[in-house]
Amino acid sequence: MLQVDNMKKTETNLKQNLDLFKQLSTDLQTQDFLLTWQHSVNDLKAVLLLAEIFKELHRTNRSFRVFDTGMAVSIFRDQSTRTRFSFASAANALGLSLVDLDEEKSQIAHGETVRETANMISFLTEVIGIRDDVYLGEGNKYMREVAAAIQEGFDAGVLHKRPSVINLQCDLDHPTQTLADLLHLKKHFGSLNDLKGRKITISWAYSPSYGKPLSVPQGLIGLMTRFGMNVTLAHPQGYSLTPEIIELAKRHAQDATGSFSIVGNMEEAFDGADVVYPKSWAPYWVMERRTELLKLGDGDGLHDLEKECLANNAKYRNWECDASIMKRTLDENTLYMHCLPADITGVNAEHGEVSQDVFEKYRLDTYRQASYKPFIIAALIFLSRIENAKKRIDQIITR
Amino acid sequence: MLQVDNMKKTETNLKQNLDLFKQLSTDLQTQDFLLTWQHSVNDLKAVLLLAEIFKELHRTNRSFRVFDTGMAVSIFRDQSTRTRFSFASAANALGLSLVDLDEEKSQIAHGETVRETANMISFLTEVIGIRDDVYLGEGNKYMREVAAAIQEGFDAGVLHKRPSVINLQCDLDHPTQTLADLLHLKKHFGSLNDLKGRKITISWAYSPSYGKPLSVPQGLIGLMTRFGMNVTLAHPQGYSLTPEIIELAKRHAQDATGSFSIVGNMEEAFDGADVVYPKSWAPYWVMERRTELLKLGDGDGLHDLEKECLANNAKYRNWECDASIMKRTLDENTLYMHCLPADITGVNAEHGEVSQDVFEKYRLDTYRQASYKPFIIAALIFLSRIENAKKRIDQIITR
Amino acid sequence: MLQVDNMKKTETNLKQNLDLFKQLSTDLQTQDFLLTWQHSVNDLKAVLLLAEIFKELHRTNRSFRVFDTGMAVSIFRDQSTRTRFSFASAANALGLSLVDLDEEKSQIAHGETVRETANMISFLTEVIGIRDDVYLGEGNKYMREVAAAIQEGFDAGVLHKRPSVINLQCDLDHPTQTLADLLHLKKHFGSLNDLKGRKITISWAYSPSYGKPLSVPQGLIGLMTRFGMNVTLAHPQGYSLTPEIIELAKRHAQDATGSFSIVGNMEEAFDGADVVYPKSWAPYWVMERRTELLKLGDGDGLHDLEKECLANNAKYRNWECDASIMKRTLDENTLYMHCLPADITGVNAEHGEVSQDVFEKYRLDTYRQASYKPFIIAALIFLSRIENAKKRIDQIITR
Chain H
0 MLQVDNMKKT ETNLKQNLDL FKQLSTDLQT QDFLLTWQHS VNDLKAVLLL
50 AEIFKELHRT NRSFRVFDTG MAVSIFRDQS TRTRFSFASA ANALGLSLVD
100 LDEEKSQIAH GETVRETANM ISFLTEVIGI RDDVYLGEGN KYMREVAAAI
150 QEGFDAGVLH KRPSVINLQC DLDHPTQTLA DLLHLKKHFG SLNDLKGRKI
200 TISWAYSPSY GKPLSVPQGL IGLMTRFGMN VTLAHPQGYS LTPEIIELAK
250 RHAQDATGSF SIVGNMEEAF DGADVVYPKS WAPYWVMERR TELLKLGDGD
300 GLHDLEKECL ANNAKYRNWE CDASIMKRTL DENTLYMHCL PADITGVNAE
350 HGEVSQDVFE KYRLDTYRQA SYKPFIIAAL IFLSRIENAK KRIDQIITR
Chain A
0 MLQVDNMKKT ETNLKQNLDL FKQLSTDLQT QDFLLTWQHS VNDLKAVLLL
50 AEIFKELHRT NRSFRVFDTG MAVSIFRDQS TRTRFSFASA ANALGLSLVD
100 LDEEKSQIAH GETVRETANM ISFLTEVIGI RDDVYLGEGN KYMREVAAAI
150 QEGFDAGVLH KRPSVINLQC DLDHPTQTLA DLLHLKKHFG SLNDLKGRKI
200 TISWAYSPSY GKPLSVPQGL IGLMTRFGMN VTLAHPQGYS LTPEIIELAK
250 RHAQDATGSF SIVGNMEEAF DGADVVYPKS WAPYWVMERR TELLKLGDGD
300 GLHDLEKECL ANNAKYRNWE CDASIMKRTL DENTLYMHCL PADITGVNAE
350 HGEVSQDVFE KYRLDTYRQA SYKPFIIAAL IFLSRIENAK KRIDQIITR
Chain Y
0 MLQVDNMKKT ETNLKQNLDL FKQLSTDLQT QDFLLTWQHS VNDLKAVLLL
50 AEIFKELHRT NRSFRVFDTG MAVSIFRDQS TRTRFSFASA ANALGLSLVD
100 LDEEKSQIAH GETVRETANM ISFLTEVIGI RDDVYLGEGN KYMREVAAAI
150 QEGFDAGVLH KRPSVINLQC DLDHPTQTLA DLLHLKKHFG SLNDLKGRKI
200 TISWAYSPSY GKPLSVPQGL IGLMTRFGMN VTLAHPQGYS LTPEIIELAK
250 RHAQDATGSF SIVGNMEEAF DGADVVYPKS WAPYWVMERR TELLKLGDGD
300 GLHDLEKECL ANNAKYRNWE CDASIMKRTL DENTLYMHCL PADITGVNAE
350 HGEVSQDVFE KYRLDTYRQA SYKPFIIAAL IFLSRIENAK KRIDQIITR
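Residue numbers (numbering that gives the first Met the number 0), protein chains in the order written: chain H, 0 to 398; chain A, 0 to 398; chain Y, 0 to 398.
Simulated from the structure, these hints should not be mistaken for laboratory data. Hints should not be assumed to be uniformly reliable.
Copies of one chain are not kept apart here, so a pair can be met inside one copy or by any two copies together.
In the DSSO-like style, the derived pairs of lysine-lysine whose C-alpha atoms are separated by at most 27 Å in a straight line are [unchecked claim]:
1. K14 x K44
2. K249 x K390
3. K249 x K160
4. K389 x K360
5. K306 x K14
6. K294 x K390
7. K8 x K160
8. K21 x K7
9. K195 x K140
10. K21 x K249
11. K44 x K21
12. K314 x K14
13. K306 x K7
14. K186 x K140
15. K186 x K160
16. K14 x K160
17. K195 x K211
18. K160 x K360
19. K211 x K8
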């Protein structure tokens with residue numbers, strides 16, 4: 000009886016999301032997905048709804064495969080577990096085979112150009128997922144180069160199809176992460192509407208490592224401001240983000256009648272927060288200088304910079320999310336978020352971003368947060384590749 | 000006419016195995032497969048029968064695919080050819096896509112914990128195959144940690160499904176190898192019943208390398224004793240196996256009214272044997288000390304230990320399976336077995352486990368022995384994942 | 000209306016190629032594909048026609064999948080982008096799963112023999128693609144060893160099926176490249192008949208690197224001479240190819256009433272050419288000496304040889320395909336070809352095989368040339384694996 004009720008609830012849920020999805024007019028077909036702010040709020044809502052539908056189908060053991068054959072190519076220019084497996088899972092669930100472009104095993108070292116490689120891997124490819132987040136000014140540029148190259152190949156009739164390029168993390172944004180984060184918030188608070196007026200704090204936190212990408216905090220302030228949240232960014236002096244994205248967040252907040260503010264201490268940032276997202280990142284100016292030094296191959300300079308940064312970092316060791324600072328948040332239902340892996344004090348770091356007790360309390364929540372990513376990616380692939388997406392989803396649900 | 004007869008024989012064979020399979024009451028669904036001795040004889044019989052059915056279906060070019068989509072994740076913490084390809088083949092035959100967790104390309108080096116990684120790779124995963132056989136006391140523990148972590152994730156609703164964990168070789172057992180070995184014996188002698196009273200000799204043999212895992216001989220004495228065989232373990236002084244597994248083999252032999260004995264020389268062990276399985280392994284106490292030194296990062300200690308071991312090893316260079324010792328076995332139909340790759344004197348080693356003429360005589364038999372592994376793994380995956388396994392197999396055979 | 004016309008044109012095209020394909024009597028089933036000259040002209044024509052059919056099906060978004068499950072194994076003993084992705088794409092399009100035998104992750108280093116490994120990777124495998132082009136006298140030999148080993152396993156009943164071995168580049172030939180090149184020529188000039196009497200120049204060109212394989216120029220002179228082309232091979236003194244293949248090209252030219260000549264300067268070779276294919280390769284005698292030194296592990300000798308070769312190479316820096324030498328060709332419609340990646344002066348090399356302006360003019364043509372390779376490989380797999388190929392293709396087209 001309970002099971003029958005559950006089944007009914009599932010069907011009602013699927014039907015509701017499907018109806019909402021059908022009402023949205025979107026513009027994602029044959030499009031790349033590089034930065035959330037290049038897409039309308041409607042597009043983002045559609046991605047979330049479709050991800051929810053896919054997740055529910057998977058939970059109830061129903062296939063949403065739409066491809067008979069076809070390739071999904073991944074290019075990882077940095078280590079990855081979560082995103083790698085999310086992309087692999089999304090491709091598999093839709094019926095695509097994953098092939099990783101391992102740059103060491105390819106002839107890219109032999110002077111092959113980006114635009115050439117992009118075409119060579121695309122002859123039977125539906126989607127290209129790229130992670131390139133190490134150098135400021137590089138990752139997003141590289142993705143745009145790949146996209147331009149395959150567009151040229153398609154326009155010239157060399158490629159039968161124009162694969163979609165999906166950003167799996169660049170120097171500016173990490174859209175599959177932040178959309179999974181947004182879906183986690185939507186599910187946690189009940190709806191996107193329920194996010195309005197809620198305070199989310201994206202705070203720098205101490206980590207013994209140096210040079211973590213800026214893309215997650217940047218992606219978060221660029222995205223959460225569009226849904227009427229009160230977004231507070233907190234960091235020590237000198238740890239600012241890319242200026243253009245700060246400006247973007249301000250505009251978004253204005254447009255969505257939320258707010259965006261920057262504060263210089265963690266305590267103030269945590270006061271009354273509904274959601275906290277404490278995470279380490281490198282200062283913008285450091286990433287800029289590091290990128291220059293890497294281009295020059297200046298080993299001594301890099302060594303000096305690292306030393307300077309670590310010394311500077313050490314000054315802010317007290318920027319740790321522990322039980323005491325968590326008390327300043329709204330109440331005990333405040334949501335702690337992290338994109339993982341976190342530096343946990345006493346677990347994998349002497350001093351880290353978060354204390355062991357706080358992390359342990361929210362550990363399964365952070366897994367849940369991560370669990371949306373495969374479905375977000377599947378939704379992005381589906382929406383960019385499938386004609387008559389609405390009709391196809393209807394067929395999938397009712398088959 | 001011959002072809003029609005063959006087809007009839009195939010169908011009869013399939014039907015017989017199917018009937019036997021249906022009569023067994025088994026308890027493998029939603030279970031991990033870590034050690035053969037954690038499962039009933041009926042369960043093991045069911046695995047063998049299903050592997051035979053799958054092999055016959057493949058031989059006659061019939062698909063036994065049961066998944067539309069889904070992932071099989073492999074984690075190899077040691078080199079592998081046979082097991083890697085067996086797992087890949089089994090996954091493919093059932094319709095799952097293989098993704099390998101390459102720990103160098105993941106963020107595990109960044110301090111990610113096992114329980115976190117286990118969940119991150121499992122969102123759309125049906126099965127996780129793990130090989131972790133290098134350190135004593137580690138491999139099996141690691142597999143149990145992974146299993147506990149995904150159980151926690153499943154219980155908390157983070158994972159929609161609880162993937163099965165399959166041991167692809169640990170420090171204690173190598174169940175997919177020994178079950179393939181058992182199936183090879185069953186096919187060679189006609190039935191499991193025909194194994195009763197037969198003498199199988201698992202003997203240490205000389206190899207110029209040092210530190211080979213104990214899991215194969217341990218797995219063999221733990222498994223073959225359950226089917227009424229007279230199991231003789233032979234090794235030089237000091238090359239003993241894990242004490243608990245020795246005790247286990249003794250109990251199994253008693254329960255199945257077979258026998259288990261340990262002798263100190265190869266000649267005695269080979270006398271009158273129906274089956275010989277000569278293979279090098281490291282002494283238990285060496286593996287213990289090695290594991291400690293590795294944990295301490297004691298390079299000098301490891302160097303000294305290796306020197307001592309190789310010197311000790313060299314004393315037993317005459318533990319080679321050659322034509323002369325093979326004469327002591329039952330007769331010329333005695334079966335030689337090896338899990339491969341073997342150290343063959345004059346081929347890939349100056350002095351090895353087996354002489355070239357003996358190995359060459361049985362070479363294709365060792366390939367045949369290996370050929371069962373993909374089907375054993377497919378059977379393990381199938382039985383742990385598929386509801387109403389008996390009905391589904393019936394459908395597959397009759398479709 | 001235009002779309003309807005296009006669809007009609009597509010169908011007519013497919014039907015014509017299908018009819019031609021059906022008329023050819025071929026002998027490719029259950030055969031390896033190692034060297035183009037081991038197969039009849041009819042076989043090669045069938046490969047081309049089927050590749051065209053597959054390409055057209057893909058262009059019009061129709062699946063030509065024929066396998067439900069099954070494995071395609073790749074062994075790359077050299078870096079590769081194009082061929083790696085072409086093999087992966089072909090396997091995927093036909094429904095096979097790709098598994099790469101990464102020799103570092105396997106136990107091959109542990110003294111496993113080729114014949115053993117070949118069987119271990121073949122239990123559920125349909126096709127094995129191999130690239131082994133580094134040492135003269137090795138690559139093709141290795142492929143034949145693999146083929147003999149799996150033949151032995153199949154004959155002994157160890158393997159249910161005998162996988163096909165496909166040469167993805169060896170020391171002698173690069174058949175998937177040259178067949179793609181031939182299809183590019185067929186499409187460019189209208190038909191294979193239209194190639195008769197046309198001058199194709201395969202010329203050595205300068206590259207700052209040393210030791211590029213001989214397989215592409217050898218494969219080209221061995222193949223294009225069979226279709227009545229006037230093949231001119233040009234290279235500086237000392238840069239000759241394998242003598243046996245030179246003899247082969249001469250015989251082919253005689254049989255097909257085309258011509259084959261060797262000239263010592265690029266200018267003469269380009270005079271009046273319909274097609275030019277300027278590309279660097281190492282001298283035959285250098286590859287021979289290099290192979291010997293590598294076998295001896297003679298580091299000093301290799302260093303000296305490299306120094307000598309680079310000095311020698313530098314003398315021929317003027318062997319560059321630039322706008323001035325292109326003027327000597329037939330006319331402005333002359334086709335420039337390259338197997339990629341090319342060494343382009345001022346782009347990825349100070350001095351290279353081709354000037355930037357010439358390469359840029361033909362860049363998209365070289366992509367188009369490469370675009371045939373996945374379909375050539377798919378055709379080779381299909382023809383070697385599928386019984387009643389003609390009937391099956393008919394079914395695929397009409398489904």
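Structure-based check of each hint:
1. K14 x K44: Answer is within; shortest intra-copy Cα gap is 16 Å, inter-copy 46 Å.
2. K249 x K390: Result: close neither inside a copy nor across copies, 38 Å intra and 61 Å inter.
3. K249 x K160: neither (38 Å within a copy, 42 Å between copies)
4. K389 x K360: neither (40 Å within a copy, 43 Å between copies)
5. K306 x K14: neither (57 Å within a copy, 70 Å between copies)
6. K294 x K390: Intra 49 Å, inter 58 Å, cutoff 27 Å: neither.
7. K8 x K160: The answer is between: 19 Å across copies meets 27 Å, while 40 Å in one copy does not.
8. K21 x K7: So K21 and K7 pass the 27 Å test inside one copy only (21 Å; across, 34 Å).
9. K195 x K140: Neither, since 33 Å and 47 Å both go past 27 Å.
10. K21 x K249: neither (31 Å within a copy, 67 Å between copies)
11. K44 x K21: Classified as within; 11 Å inside a copy, 50 Å across copies.
12. K314 x K14: Intra 53 Å, inter 74 Å, cutoff 27 Å: neither.
13. K306 x K7: So K306 and K7 fail the 27 Å test inside a copy (60 Å) and across (69 Å) alike.
14. K186 x K140: neither (33 Å within a copy, 36 Å between copies)
15. K186 x K160: Classified as between: cross-chain Cα gap 20 Å, same-chain 36 Å, threshold 27 Å.
16. K14 x K160: For K14 and K160, the Cα distance is within 27 Å only across copies (23 Å; inside one copy 32 Å).
17. K195 x K211: This pair counts as neither: shortest intra-copy Cα distance 30 Å, inter-copy 61 Å.
18. K160 x K360: between (47 Å within a copy, 23 Å between copies)
19. K211 x K8: Neither: 42 Å inside a chain and 55 Å across chains, both beyond 27 Å.
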